Amino acid sequence: MKEKQMAKVLSQREIAPGIFDMWIETSLAGQAAAGQFICVYPRDKSTLLPRPISICEVRDDRGALRIVYRVAGKGTAEFSSYREGESIAVLGTLGNGFPVQSAREKENTRVFLMGGGIGIPPMLQLAKELAGLGMKKENLQIVVGYRDAQNFLREDLERYGSVFVATEDGSVGTRGNVMDAVTKNGLLADVIFACGPMPMLRAIKQYAAQAQIPAYISLEEHMACGVGACLGCVVKTGEIDHHSHVHNARICTDGPVFEAQTVEI
Amino acid sequence: MKMNTQITIAGVTFKNPVMTASGTFGSGMEYSEFVDLNALGAVVTKGVANVPWPGNPTPRVAEVYGGMLNAIGLQNPGIDVFLERDIPFLKQYDTRIIVNVCGKTVEDYVEVVEKLGDEPAVSMLEINVSCPNVKEGAIAFGQKADALFKITEELKKHARQPIIMKLSPNVTDITEMARAAEAAGADALSLINTLTGMKIDIHRRRFAIANKTGGMSGPAIKPIAVRMVYQAAHAVKIPIIGMGGIATAEDAIEFILAGASAVSIGAMNFVNPYTTVEVVRGIEEYMRQYHVENLTDLIGAVE
Numbered sequence: 001m002k003e004k005q006m007a008k009v010l011s012q013r014e015i016a017p018g019i020f021d022m023w024i025e026t027s028l029a030g031q032a033a034a035g036q037f038i039c040v041y042p043r044d045k046s047t048l049l050p051r052p053i054s055i056c057e058v059r060d061d062r063g064a065l066r067i068v069y070r071v072a073g074k075g076t077a078e079f080s081s082y083r084e085g086e087s088i089a090v091l092g093t094l095g096n097g098f099p100v101q102s103a104r105e106k107e108n109t110r111v112f113l114m115g116g117g118i119g120i121p122p123m124l125q126l127a128k129e130l131a132g133l134g135m136k137k138e139n140l141q142i143v144v145g146y147r148d149a150q151n152f153l154r155e156d157l158e159r160y161g162s163v164f165v166a167t168e169d170g171s172v173g174t175r176g177n178v179m180d181a182v183t184k185n186g187l188l189a190d191v192i193f194a195c196g197p198m199p200m201l202r203a204i205k206q207y208a209a210q211a212q213i214p215a216y217i218s219l220e221e222h223m224a225c226g227v228g229a230c231l232g233c234v235v236k237t238g239e240i241d242h243h244s245h246v247h248n249a250r251i252c253t254d255g256p257v258f259e260a261q262t263v264e265i
Numbered sequence: 001m002k003m004n005t006q007i008t009i010a011g012v013t014f015k016n017p018v019m020t021a022s023g024t025f026g027s028g029m030e031y032s033e034f035v036d037l038n039a040l041g042a043v044v045t046k047g048v049a050n051v052p053w054p055g056n057p058t059p060r061v062a063e064v065y066g067g068m069l070n071a072i073g074l075q076n077p078g079i080d081v082f083l084e085r086d087i088p089f090l091k092q093y094d095t096r097i098i099v100n101v102c103g104k105t106v107e108d109y110v111e112v113v114e115k116l117g118d119e120p121a122v123s124m125l126e127i128n129v130s131c132p133n134v135k136e137g138a139i140a141f142g143q144k145a146d147a148l149f150k151i152t153e154e155l156k157k158h159a160r161q162p163i164i165m166k167l168s169p170n171v172t173d174i175t176e177m178a179r180a181a182e183a184a185g186a187d188a189l190s191l192i193n194t195l196t197g198m199k200i201d202i203h204r205r206r207f208a209i210a211n212k213t214g215g216m217s218g219p220a221i222k223p224i225a226v227r228m229v230y231q232a233a234h235a236v237k238i239p240i241i242g243m244g245g246i247a248t249a250e251d252a253i254e255f256i257l258a259g260a261s262a263v264s265i266g267a268m269n270f271v272n273p274y275t276t277v278e279v280v281r282g283i284e285e286y287m288r289q290y291h292v293e294n295l296t297d298l299i300g301a302v303e
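Chains Y and R, in that order, give the protein sequences.
Taken in order, the first sequence gives residues 1 to 265; the numbers are from our numbering.
Taken in order, the second sequence gives residues 1 to 303; the numbers are from our numbering.
Calculated directly from the structure, the hints in this document are not laboratory data.
Remember, predicted model here, so these are calculated numbers, not experimental data.
For every residue, glycine included, the Cβ atom is placed at its ideal position computed from N, Cα and C.
It cannot be assumed that every hint is accurate.
As the list claims (entries may be wrong) - What follows is a set of in silico ranges between Cβ atoms, one per label pair, in the way DEER data are often shown:
| hint | chain 1 | residue 1 | chain 2 | residue 2 | range |
| --- | --- | --- | --- | --- | --- |
| 1 | R | R85 | Y | E264 | 38 to 44 Å |
| 2 | R | R85 | Y | E14 | 43 to 49 Å |
| 3 | R | G11 | Y | E239 | 43 to 49 Å |
| 4 | R | K150 | Y | M198 | 42 to 48 Å |
| 5 | R | K157 | Y | D44 | 49 to 55 Å |
| 6 | Y | M1 | R | Y290 | 32 to 38 Å |
| 7 | Y | G134 | R | Y93 | 41 to 47 Å |
| 8 | R | I224 | Y | R104 | 24 to 30 Å |
| 9 | Y | E168 | R | R205 | 51 to 57 Å |
| 10 | Y | G30 | R | D201 | 54 to 60 Å |
| 11 | Y | E84 | R | Y93 | 55 to 61 Å |
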């Protein structure tokens, strides 16, 4: 059940320059799944629209959600000023999430969890859920791309899988992007889950097509409602979509996760 | 105290004056998770054309100070799917259904209007001649008084339900447009549609919206909308549905005092999905506070 509510900030810290890590207490934690997102609303009335932010980690037992976000403008700058105990307006949980069961169809399925930059956070909850389903660490291959040596969330990810790092400046791991890290380390997978910038997702789509494996990619787009009403955040699809009967799926409700070959990116 | 929030527009009664602004509420399905549609005066649907429309490229929305720009481009599934899926959904609720109709040519509008004529659950039609985001049709009919007169007159010949002409604020004189629609037989007016705006991303040196221009909505446009509702209300005798940046019951009352018989909630649904029902409750509180027995006593009560 979707709900807009006031949640409580449990903690917040800056884990890399401009990257903030916030835990919030919310009843939405009970329904949150990997790949879903919440909308966060600034208090400043000049910035009205919600900021869609992916769920990084869920602690259902504590009724807590973790978001890790980059300060990109006025809204996120405001969020970054919130301190423990303050309230924060959120709407959730939104979107379809990653199809985790698709990684468990066969014994010993090998997966890639690929995250680029601020697309890395949703990979943590996904890794946690896959590990929870009994996936072995060596089959849970987490390939993450950063700009530089500020490898936020890396230690969290290492708890659940085998982490391979790529950096644009070559300071850590493979110089280049996540695909370079895959090649350099000779990695193979049966299914891919990914979130990151569009050039990375395009490269993954192409790689998955050649390897003939499914790739579930999480997309982003400017949103207004977050619930499927405004039709602001669409992506072109090969098939006719079920809502408008054209070729436009709604990223907020039909996604944000799509099988890569079904969308034109 | 006994209170009556009921209003009547073109012979159609509404339990209260609170409606949804077309395009911000789909056909109610998405927001029915948040609000009880039975509590609303009417659901005004997203614009529907004779055939499915794909809409504009993305980005389609952008935030601006105190509001937003959109250039969705009237993406819609077409009237046939709409009649099969959206109308049966809305029929489950005790609220009025007003269908917003869009088209590229007069014939497109006529086709949709005629198909809706066979659907008694639809109480009124709102004719979109003011969407600023599509190249053909829509606003082309809504920015010249003679064009507005002609399409209104033509649609009145085909419509079985009363028609509301939705006016564009992107005109020199709103009263001229209001009079043209009234003279051609429109049963009511709704205003304002969005104001054409533009936003440029200075870091990427690109337009924030793929369409370059978009329709501005949200609280920042409210004073303009109130002024236009006031002017239109003094220019014509037909009822007016007022909209433009309504966020609270106080905002809604302002429109009603300016001359609106009903109000619509638009962009604020995106900010607070409970806005519509909060406005319904807030209007009742206002009536209690000021001992207003009939909401109709407030319509145009400032001169």
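For each hint, the structure was consulted:
1. R85/R <-> E264/Y: 38 to 44 Å: Between R85/R and E264/Y, where Cβ atoms are some 25 Å apart, the hint is violated.
2. R85/R <-> E14/Y: 43 to 49 Å: Given range 43 to 49 Å: holds, Cβ gap about 47 Å.
3. G11/R <-> E239/Y: 43 to 49 Å: 44 Å, holds
4. K150/R <-> M198/Y: 42 to 48 Å: The hinted range 42 to 48 Å holds for K150/R and M198/Y, with Cβ atoms some 46 Å apart.
5. K157/R <-> D44/Y: 49 to 55 Å: Once the Cβ atoms are compared, 50 Å apart, the range 49 to 55 Å for D44/Y and K157/R holds.
6. M1/Y <-> Y290/R: 32 to 38 Å: Since the Cβ atoms of M1/Y and Y290/R sit about 37 Å apart, the hinted range of 32 to 38 Å holds.
7. G134/Y <-> Y93/R: 41 to 47 Å: Roughly 46 Å apart at Cβ, these two residues keep to the hinted range, so it holds.
8. I224/R <-> R104/Y: 24 to 30 Å: 56 Å, violated
9. E168/Y <-> R205/R: 51 to 57 Å: Taking Cβ atoms as reference, E168/Y and R205/R lie about 23 Å apart, which means the hint is violated.
10. G30/Y <-> D201/R: 54 to 60 Å: 38 Å, violated
11. E84/Y <-> Y93/R: 55 to 61 Å: 43 Å, violated
In the structure shown, a violation is registered for the earlier hints numbered 1, 8, 9, 10, 11, in ascending order.
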